[in-house]
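Number of protein chains: 2
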Amino acid sequence: MQTKLTRLLGIEHPIIQGGMAWIADASLASAVSNAGGLGIISAMNANADWVREEIRKCRTLTDKPFGVNIMLMSPHVEEVAKMVAEEKVPVVTTGAGNPSRFVKMWKEAGIKILPVVASTALAKMVERAGVDAVIAEGGESGGHVGDLTTMALVPQVVDAVKIPVVAAGGIGDGRGMVAAFALGACGVQMGTRFLVANECTVSDAYKKKVLSAKDISTMVTGRRLGHPVRAIKTTYTNAYAKLEADSNYPDEKLEEFGVGSLRKAAKDGNTEEGCFLAGQIAGMVSREQPAKEIVDEVMAEAEKLMEGVKWDV
Amino acid sequence: MQTKLTRLLGIEHPIIQGGMAWIADASLASAVSNAGGLGIISAMNANADWVREEIRKCRTLTDKPFGVNIMLMSPHVEEVAKMVAEEKVPVVTTGAGNPSRFVKMWKEAGIKILPVVASTALAKMVERAGVDAVIAEGGESGGHVGDLTTMALVPQVVDAVKIPVVAAGGIGDGRGMVAAFALGACGVQMGTRFLVANECTVSDAYKKKVLSAKDISTMVTGRRLGHPVRAIKTTYTNAYAKLEADSNYPDEKLEEFGVGSLRKAAKDGNTEEGCFLAGQIAGMVSREQPAKEIVDEVMAEAEKLMEGVKWDV
Chain A
1 MQTKLTRLLG IEHPIIQGGM AWIADASLAS AVSNAGGLGI ISAMNANADW VREEIRKCRT
61 LTDKPFGVNI MLMSPHVEEV AKMVAEEKVP VVTTGAGNPS RFVKMWKEAG IKILPVVAST
121 ALAKMVERAG VDAVIAEGGE SGGHVGDLTT MALVPQVVDA VKIPVVAAGG IGDGRGMVAA
181 FALGACGVQM GTRFLVANEC TVSDAYKKKV LSAKDISTMV TGRRLGHPVR AIKTTYTNAY
241 AKLEADSNYP DEKLEEFGVG SLRKAAKDGN TEEGCFLAGQ IAGMVSREQP AKEIVDEVMA
301 EAEKLMEGVK WDV
Chain B
1 MQTKLTRLLG IEHPIIQGGM AWIADASLAS AVSNAGGLGI ISAMNANADW VREEIRKCRT
61 LTDKPFGVNI MLMSPHVEEV AKMVAEEKVP VVTTGAGNPS RFVKMWKEAG IKILPVVAST
121 ALAKMVERAG VDAVIAEGGE SGGHVGDLTT MALVPQVVDA VKIPVVAAGG IGDGRGMVAA
181 FALGACGVQM GTRFLVANEC TVSDAYKKKV LSAKDISTMV TGRRLGHPVR AIKTTYTNAY
241 AKLEADSNYP DEKLEEFGVG SLRKAAKDGN TEEGCFLAGQ IAGMVSREQP AKEIVDEVMA
301 EAEKLMEGVK WDV
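Just so you know, the sequences run in chain order A and B. The opening position of the first sequence corresponds to residue 1 in my numbering, with each subsequent residue numbered one higher. The opening position of the second sequence corresponds to residue 1 in my numbering, with each subsequent residue numbered one higher.
Some hints could be false.
If several chains are the same, the list does not tell them apart, and a pair holds so long as it fits within one copy or across any two.
Computed list of lysine to any residue pairs in SDA-like fashion (alpha-carbon distance at most 25 Å, straight line) [stated by the list, open to error]:
hint, residue 1, residue 2
1, Lys208, Ser119
2, Lys242, Gly226
3, Lys214, Arg128
4, Lys242, Gly258
5, Lys4, Glu307
6, Lys124, Ala109
7, Lys4, Glu301
8, Lys162, Glu301
9, Lys64, Lys112
10, Lys233, Ala245
11, Lys233, Lys267
12, Lys88, Ala21
13, Lys162, Ser217
14, Lys214, Met125
Hints listed in this document are in silico derivations from the structure and should not be mistaken for laboratory results.
Kindly produce the complete structure, drawing on both the sequences and the hints.
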């Protein structure tokens with residue numbers, strides 16, 4: 001299936017893998033790229049050396065296009081931004097802000113730029129800065145979330161910009177992909193579904209949490225500090241939510257409470273102190289599978305639903 | 001376009017109008033039914049006499065099927081539930097709970113029952129009780145909201161039950177309708193879009209708020225008291241949110257603070273003390289139109305998108 005997204009990125013299927021911190025490494029990214037989607041390495045809060053090593057590792061594992069997700073609030077954002085230009089990675093996606101100041105440097109390095117946006121205002125801003133497409137992500141996604149949902153956000157972003165729009169958040173199968181196309185998107189980004197890919201190196205405890213989740217198993221914490229995240233309900237999230245609701249509990253201590261919780265979930269599989277980020281479609285994910293099987297399944301479902309129709313995607 | 005929903009309700013188009021308290025009266029309901037959708041009268045917290053009068057008024061305005069939305073937390077719920085059975089209204093939708101105890105009485109009166117659900121658990125429960133279909137409503141909708149979004153909720157409900165599923169929340173045009181079909185729904189419920197119908201008797205100030213809203217103009221308040229609602233950001237919602245975040249402010253006073261705010265918005269157009277409930281697609285709604293034009297536009301957009309495809313809806 002060819003869409004604006006497959007043509008833009010030179011990939012086979014209009015599927016981008018979400019850039020999940022502590023999870024999306026060279027192993028997962030190369031597997032998704034080899035499956036014909038776009039694999040993404042998460043630069044999270046890591047320094048340039050660590051990210052460069054993952055990029056080089058990814059290149060030994062695939063000769064297909066892949067990307068790096070740059071978290072704009074990272075303390076190492078400047079050095080990572082320069083490094084990806086030096087490395088000429090095919091694609092950069094960005095999160096948590098406005099990447100306009102890096103656009104010129106990345107374009108000169110031949111990089112395709114797809115910022116994640118949660119509002120029409122940011123979509124218009126990055127379009128003016130010259131990015132190639134936007135990823136409109138609804139708040140049903142895992143990890144950092146905005147207020148708008150995919151169903152409401154995607155058509156409003158489509159109406160607000162002329163560049164291609166990719167839909168993210170709440171998409172776990174071919175039905176979600178076709179819904180995204182109906183809303184005007186030309187592709188999807190999926191995180192949670194790839195979290196349980198065989199090639200994903202996240203802890204077994206994390207995969208188990210996702211595989212056993214129900215529809216109502218996730219919740220949002222962190223609104224009070226201005227950076228809400230969606231995670232699977234656990235001892236940790238319940239404790240956090242309780243402290244968050246207590247306005248006598250100081251912001252600084254609340255901030256401290258969260259430190260290290262992602263690593264503890266992703267690397268240590270610590271079910272007591274870990275924060276297991278996942279989207280609302282965790283309830284639809286019930287099998288660990290190779291990344292290629294996930295991609296093929298989603299595409300087959302989508303193609304079956306769309307049989308006979310000429311979609312302008 | 002025939003779907004399971006149009007066949008179930010004997011209507012022309014698979015569109016249900018949302019049961020908006022203080023807004024959805026005989027005027028709006030009859031206009032939507034005359035347009036070929038299913039108009040809904042909101043029973044809100046009103047007593048049986050008031051609702052009966054609206055039903056009878058509606059019958060003078062249309063000979064097409066229409067429905068009543070029964071808010072299960074209403075103090076008058078028992079008498080209203082009996083009255084709709086006496087009146088043999090064609091359709092009942094329910095909100096804010098589990099209507100199982102009324103199902104037998106309503107079925108005996110020949111009423112089609114479509115509860116609004118926000119989780120797969122409630123969907124399965126009402127299916128077992130014998131309802132005809134469910135309306136799976138995502139939290140991007142206006143008014144009372146659940147946690148799950150439409151994109152994540154609808155396919156999970158579709159997988160959980162055998163009865164037809166209607167999608168609600170975040171649907172404002174034909175793109176949303178086709179997205180709903182892709183997710184497995186057989187129809188949509190729309191509230192916000194009908195709020196600005198010519199036949200909607202809500203205050204002009206309310207319509208103006210919706211017409212001038214942007215994508216990020218709504219917010220959710222009331223989570224602390226366990227009944228979150230989505231409304232347009234105003235002086236009132238900001239004040240409420242501030243009190244809500246202050247855990248030293250007592251629940252009882254917070255509850256009191258909200259009393260009368262819906263009526264003040266819908267009837268008085270009080271922009272200082274009113275609570276203007278609306279969904280996230282308010283940003284897509286930019287014109288006051290006759291209900292029939294809204295229905296025809298949505299259907300034309302959806303049919304154009306689906307041209308040539310054989311959808312099993």
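**Study point:** Same-copy or cross-copy closeness of Lys64 to Lys112 [CA-CA at most 25 Å]
**Key:** Classified as within; 14 Å inside a copy, 54 Å across copies.
Check your understanding: From the Cα coordinates, with 25 Å as the cut-off, is the pair Lys124 and Ala109 best called within, between, both, or neither?
Key -> Within one copy, since 23 Å is at most 25 Å while 54 Å is not.
Check your understanding: Which holds for Lys162 with Glu301 at a C-alpha limit of 25 Å: within a copy, between copies, both or neither?
Key -> Between copies, since 20 Å is at most 25 Å while 28 Å is not.
Practice item. Pop the pair Lys214 and Met125 into one bin, within, between, both or neither, using alpha-carbon distances up to 25 Å. Key: between (37 Å within a copy, 16 Å between copies)
**Study point:** 25 Å Cα threshold - placement of Gly258 relative to Lys242
**Key:** So Lys242 and Gly258 pass the 25 Å test inside a copy (13 Å) and across (24 Å) alike.
Exercise for review: Indicate which option fits the pair Lys4, Glu307 if close means a Cα-Cα distance not exceeding 25 Å: within, between, both or neither.
Suggested key: Both. Shortest intra-copy (19 Å) and inter-copy (20 Å) distances satisfy the 25 Å Cα cut-off.
Practice item. Using 25 Å as the alpha carbon limit, work out where Lys208 and Ser119 are close: within a copy, between copies, both or neither. Key: Close across copies (22 Å), not inside one copy (33 Å); limit 25 Å.
Practice item. State whether the alpha carbon distance between Lys233 and Lys267 is at most 25 Å within one copy, between copies, both, or neither. Key: Classified as within: same-chain Cα gap 18 Å, cross-chain 40 Å, threshold 25 Å.
**Study point:** Same-copy or cross-copy closeness of Lys242 to Gly226 [CA-CA at most 25 Å]
**Key:** Both ways: Lys242 and Gly226 sit 16 Å apart in one copy and 14 Å across, limit 25 Å.
Review point. Is it within a copy, between copies, both, or neither that the alpha carbon of Lys88 lies no farther than 25 Å from that of Ala21?
Key: within (21 Å within a copy, 56 Å between copies)
Exercise for review: Using 25 Å as the alpha carbon limit, work out where Lys4 and Glu301 are close: within a copy, between copies, both or neither.
Suggested key: Answer is both: 20 Å inside a copy and 21 Å across each meet the 25 Å cutoff.
Check your understanding: Within a copy, between copies, both or neither: where do Lys162 and Ser217 come within 25 Å Cα-Cα?
Key -> So Lys162 and Ser217 pass the 25 Å test across copies only (23 Å; inside, 37 Å).
Figure legend: structure checked against the earlier numbered hints; every hint is met.
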